[in-house]
Amino acid sequence: MYRIVKKQVLNPQVVLMEIEAPAVAAKCQPGQFTVLRVNEQGERIPLTVADFDREKGTVTIIFQIVGKTTMLLADQEEGGFITDFVGPLGRASELEGLKKVAVIGGGLGCAIAYPQAKALHEMGAEVDVVAGFRDKDLIILQDEMKAACTNYYLMTDDGSAGEHGFVTNKLESLLKAGNQYDVVIAIGPMIMMKFVCAVTKPFNQKTIVSMNTIMVDGTGMCGCCRLTVGGETKFACVDGPDFDGHLVDFEEAMRRSKMYLDQEKAAIEEYKKSHECNLMKGVK
Amino acid sequence: MAKANMTPTKQPMPEQDPMVRRNNLKEVALGYTEEMAVEEATRCIGCKNKPCVEGCPVLVDIPAFIELVKERKFKEAYLTIVATNSLPAVCGRVCPQETQCEAKCVRGAKGEPVAIGRLERFCADWYMSNIEEEFEKPVSNGHKVAVIGAGPAGLTCAGDLAKLGYQVTMFEAFHLAGGVLMYGIPEFRLPKAIVQKEIKGLIQLGVEIKTNMVAGKVATIDELFEQGYEAIFLGTGAGLPMFMNIPGENYNGVFSANEYLTRVNLMKCYADGFDTPIFKAKKVAVVGGGNVAMDAARCAQRMGADEVYIVYRRSEVELPARVEEVHHAKEEGIIFKLLCNPVKVNADEKGWVKSMDCIEMELGEPDASGRRRPIPKPGSDFTIDVDAVIMALGTNPNPLLRSVTPALQTNKWGCIVADEKTGLTSIEGVYAGGDAVTGAATVILAMGAGKDAAAAMDKYIQSKAK
Ligand SMILES: Cc1cc2nc3c(=O)[nH]c(=O)nc-3n(C[C@H](O)[C@H](O)[C@H](O)COP(=O)(O)OP(=O)(O)OC[C@H]3O[C@@H](n4cnc5c(N)ncnc54)[C@H](O)[C@@H]3O)c2cc1C
Ligand code: FES
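Here the protein sequences come in this chain order: A and B. For what it's worth, this note's numbering labels the leading residue of the first sequence as 1, then goes sequentially. For what it's worth, this note's numbering labels the leading residue of the second sequence as 1001, then goes sequentially.
Chain A with its partners taken away, still in its complex shape (with noise of 0.2 Å):
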């Protein structure tokens, strides 16, 4: 069991956990992930770990609520626990000797590349960040973020905070005013990364993507992680999750993380139904 000894809602879809898993804090790195069970009867979803606190002992992961099971654990209180936390797993982000980076992220995706930012804006890097949200509400990290880089661009879909525009919008001007990076890592949707793959490829500019896919162990065992980046297949879970955005077939990794979306639809709506008859309960 581990404790949840922090839950803090970032917006209404985005929540904030520090878990109390002394293993995981002492040896988890930026880009890295976790695999966690909220119950005895839940499924195993991937998390990348959002930030580390080695002393403490916890980690901290950010989560959107997309499924049953995001659902399911975002209704766990502070103080509660989880059944288990599994990590750290997939390779580390290689940031070291990395002088100007781009970090590109988009909604939740700002999440998993703040530890990114924070690391190299410590290892004293410069550090352009573009934020990308659909709009002003949904901005997360902002605060964070701004202390975790040189420069801070943030766009919304809508233009009710920052500049209107998407995260392509920014990074294209700034690689059209000459801007060259060691590496621009964009990180959010998968469609998000394979639009800024294609705003980078004309530059030459090397781009390292974060691929969430389906995973189940986490460890290489099962394969339903797997894409086919420079035409090999590879295994997010191990191989990744960070691989060169413009070898990446984004095509069949977005096909593939549609795999079960009928299974997780119907779960949704019986989820929110109990949850609905629990909440109605002493309601007149």
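Simulated restraints on C-beta separations: (1) A/M123 x B/D1222: 24 to 32 Å; (2) B/Q1204 x A/N39: 22 to 30 Å; (3) B/G1273 x A/R3: 22 to 30 Å; (4) A/N39 x B/S1129: 24 to 32 Å; (5) B/N1245 x A/K56: 44 to 52 Å; (6) B/A1441 x A/P12: 47 to 55 Å; (7) B/G1273 x A/N204: 49 to 57 Å.
Calculated from the structure, these hints are not laboratory results. For each residue, glycine too, the CB sits at the ideal point set by N, CA and C.
With chain A held as given, fit chain B with the ligands onto it using these hints.
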């Protein structure tokens, strides 16, 4: 001695009706009653030279335990088995007896051999349901050892060391101990409650099982030594699935058997209240001919498929699966497409599997493995309509641990190089056994290796302590 019962056939095993069981996950073989067991035991003629024992990788004294069954001394029979085999309830169910003990049985020369496996299972089940066993925690000898991987190899090694007084800590990557016994072999062949009962026994012996611990990630071998473990056993299995590298293998609806079986067995996707999803396929092709393929096919059927094919490139006699599993699969209506190999998986415009192209094969000269090599018949291509393909082609050891342990020698397949008798690896104090060393093999061989390594680790630590 009473005259032996010369009936040429085994006491039949009571089984669930095939048309019923193909829709449920309850155990297929129901087990002998006491009467059936005693009756079958009388078929053993108690040969002096005990050829059957030679066929057993852990040398269970087979004629002795069968003699005790004859005398209805079931408890004593069980204790005779566990003197050398710590998981009889498991082995009685999953060992390939037809190539081991029963292959050597004299009765097999004329008719069927004695049903040694079924009798072993009977003794274990009888003991479990009639004797409330409480293990005493042995007196500590003050030494600490670590066992990585809680499959049959690790469990056996841990049990033996704990009985010698070692403080044993197991590190298991999954959230449950058991290895393939939990995630691979289905409930209908090996009820999970039996596996958990065996594991409970280990905990009573004082073994500490740390789940959710991926060795190599949370701690390296060196760090474990630093933490005070004096010797380490690696029983990490062969969990890396192979694919065929044919076009279309990454379409939606193609799974490794490991993934499919894990969703069913470990994650219980079929059970009420459990959250893990499974793809509900209607027509499934399982590629391969081993136990894993049979299990995947029979699971797919139980998950609601109307038609399930086994696609295997050699012929029936070469099928590596246990004979009983093939027989059960056929009874349940699994369709065998033998001498046939997939060449391509096809999908609809959205990328979901809709069919698989295959080619017929014929057997040529024997290859390095001694089996006749399958050769494609030109022009024999055909297509089967399926909406899911499960690849059960075999597995290799997972590279995760060895990639962070450069001093650990492995061969070209990634198997850990270990001494055949002791399991000693290229690193002092580090032993290995089971599938991690041999590649995908059997439960009993993994257990045998765990046992040998435990003895060697004891010797190593005791000699150092002097
Ligand atoms: C579907 C299926 C059906 C089978 N049917 C039969 C049968 O009928 N009869 C038979 O005799 N054999 C059968 N086998 C083979 C048999 O199960 C294996 O040979 C046996 O389980 C091997 O035991 P093991 O202890 O070496 O490894 P495993 O059982 O594979 O156990 C290894 C354990 O180590 C863990 N692990 C791996 N890496 C790490 C790490 N870095 N840190 C911590 N833990 C780790 C794994 O999670 C796993 O729990 C079958 C196998 C499968 C997959
Ligand atoms: S999640 Fe199972 S192999 Fe990657």
